[in-house]
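2 protein chains.
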Amino acid sequence: MVGKIFLVGMGPGDKSMMTGQAIEAMESSDIIAGYTVYVDLVKDLFPEKDFFTTPMKQEIERCRKSFEFAREGKNVALICSGDAGVYGMASPVYELWEEYPEVDVCVIPGVTAAISGAAVLGAPINHDFCVISLSDLLTPWEQIEKRLKAAIDGDFSIVIYNPSSKKRADYLKKACDIMLSSGADEKRACGYVENIGRECTRAHVCTLSDLKNESVNMFTTVFIGNSRSKLIGDKLVTPRGYRINE
Amino acid sequence: MVGKIFLVGMGPGDKSMMTGQAIEAMESSDIIAGYTVYVDLVKDLFPEKDFFTTPMKQEIERCRKSFEFAREGKNVALICSGDAGVYGMASPVYELWEEYPEVDVCVIPGVTAAISGAAVLGAPINHDFCVISLSDLLTPWEQIEKRLKAAIDGDFSIVIYNPSSKKRADYLKKACDIMLSSGADEKRACGYVENIGRECTRAHVCTLSDLKNESVNMFTTVFIGNSRSKLIGDKLVTPRGYRINE
Numbered sequence: 001m002v003g004k005i006f007l008v009g010m011g012p013g014d015k016s017m018m019t020g021q022a023i024e025a026m027e028s029s030d031i032i033a034g035y036t037v038y039v040d041l042v043k044d045l046f047p048e049k050d051f052f053t054t055p056m057k058q059e060i061e062r063c064r065k066s067f068e069f070a071r072e073g074k075n076v077a078l079i080c081s082g083d084a085g086v087y088g089m090a091s092p093v094y095e096l097w098e099e100y101p102e103v104d105v106c107v108i109p110g111v112t113a114a115i116s117g118a119a120v121l122g123a124p125i126n127h128d129f130c131v132i133s134l135s136d137l138l139t140p141w142e143q144i145e146k147r148l149k150a151a152i153d154g155d156f157s158i159v160i161y162n163p164s165s166k167k168r169a170d171y172l173k174k175a176c177d178i179m180l181s182s183g184a185d186e187k188r189a190c191g192y193v194e195n196i197g198r199e200c201t202r203a204h205v206c207t208l209s210d211l212k213n214e215s216v217n218m219f220t221t222v223f224i225g226n227s228r229s230k231l232i233g234d235k236l237v238t239p240r241g242y243r244i245n246e
Numbered sequence: 001m002v003g004k005i006f007l008v009g010m011g012p013g014d015k016s017m018m019t020g021q022a023i024e025a026m027e028s029s030d031i032i033a034g035y036t037v038y039v040d041l042v043k044d045l046f047p048e049k050d051f052f053t054t055p056m057k058q059e060i061e062r063c064r065k066s067f068e069f070a071r072e073g074k075n076v077a078l079i080c081s082g083d084a085g086v087y088g089m090a091s092p093v094y095e096l097w098e099e100y101p102e103v104d105v106c107v108i109p110g111v112t113a114a115i116s117g118a119a120v121l122g123a124p125i126n127h128d129f130c131v132i133s134l135s136d137l138l139t140p141w142e143q144i145e146k147r148l149k150a151a152i153d154g155d156f157s158i159v160i161y162n163p164s165s166k167k168r169a170d171y172l173k174k175a176c177d178i179m180l181s182s183g184a185d186e187k188r189a190c191g192y193v194e195n196i197g198r199e200c201t202r203a204h205v206c207t208l209s210d211l212k213n214e215s216v217n218m219f220t221t222v223f224i225g226n227s228r229s230k231l232i233g234d235k236l237v238t239p240r241g242y243r244i245n246e
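These protein sequence lines map, in sequence, to chains A and B. The first sequence begins at 1 in the UniProt record's numbering and counts up by one. The second sequence begins at 1 in the UniProt record's numbering and counts up by one.
Same shape as in the complex, but just chain A (with noise of 0.2 Å):
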């Protein structure tokens, strides 16, 4: 019998941050896999499962593998932080899926870092929102300049994943930039949490021009409110509309 592809979105990390489905999807699976710095957050929970890891850049293989997995009878958690469907392994494995039409592929939906982050920093995605990754790993910068552009024509709240690494560490500055160039003010209501759901979360909340120079790594989520944001003593808030509520 041909085994099943759950594609797990386990959220910040934290078991209680997860769904009752993704704990169940994990426990009725043969094989957990995943990168391996997140299959690490859940060996403790499962001890008695096998574990497949694949490094950073190596996520093409990882999904290839699941499903050989699957083809020989098992069952396998491909996990992912936050939701499978964000950024993640979803779309890479429905891509795949043409070379397996046999394995069944689910995705089970879970706590992404807008969502996550949001909470912390209270209500910066209250109103219409836009998700956009600062990565040009697989996307031309060209594009996401148009992004972060459109977004501010549209006075979107904004919220940025992988807004630095090693190698873009002036990519964060380098898109507040291009939101001040394309007509939002700097003081712009804005926040950014680093470390969702751990210990040692950290959220802070300041200005679009204060934002700029602001040091960021790629666990920061970093969110920029529309033009009727405001800061509530330290959060973050959009209001949920244009008009004055009742």
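Note that these hints are calculated values from the structure, not bench results.
It does not matter which identical chain is used: a pair holds within one copy or between any two.
Okay, derived cross-link-like pairs now, BS3-like style, lysine-lysine, Cα gap no bigger than 27 Å in a straight line:
#, residue 1, residue 2
1, K15, K57
2, K4, K74
3, K15, K43
4, K174, K146
Since chain A is already given, all that's left is putting chain B on it; use the hints.
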């Protein structure tokens, strides 16, 4: 002693799609407050709790009453479908918080319909995306129109909340016309999901020009792919990037 308000995102409704934190917050509360329909979904899970419900359009009264309960020393779980920070009660609660600064407020993130609906459809938002509500109750239609146009200009995948209601039966059609006239191809891959996470979940994929004539309701979440999205079998898949994968 003053009580606490937990803004609980309960996901699509089924217990298996709630996080452990969300269940714990309801368990540790004296009162579960919310919109009647959602409170009914959790009454069976927590039969020993007190419940406080208000109908739709009395959200602000519900938030204020939660602060009053907290001031009396009660812990309150104010529950929202999906996530409290996405078109939910997080921002009105933080706005009222200025009047009740002694009350602790805490957002417990949940799986919003953009994430749970995407899981049903495959991988529609696996790259940069926007979330837009078509409800013009609190937002002027001109602003919604501007955002739809900006979302197409930036070539985002788009998730549409509140695509229709009795009074706004033709809003999805109007939105499709705006996206088409903003340069989106008629053949753009789209899909929608109705009653996510319940027994009667219904998913459908189609082109943007067909979407115009589909019948949707207030329990439907609509997904518009970006220019690279495609249908693979009955799944809507947006590739992770613009470059060819490894």
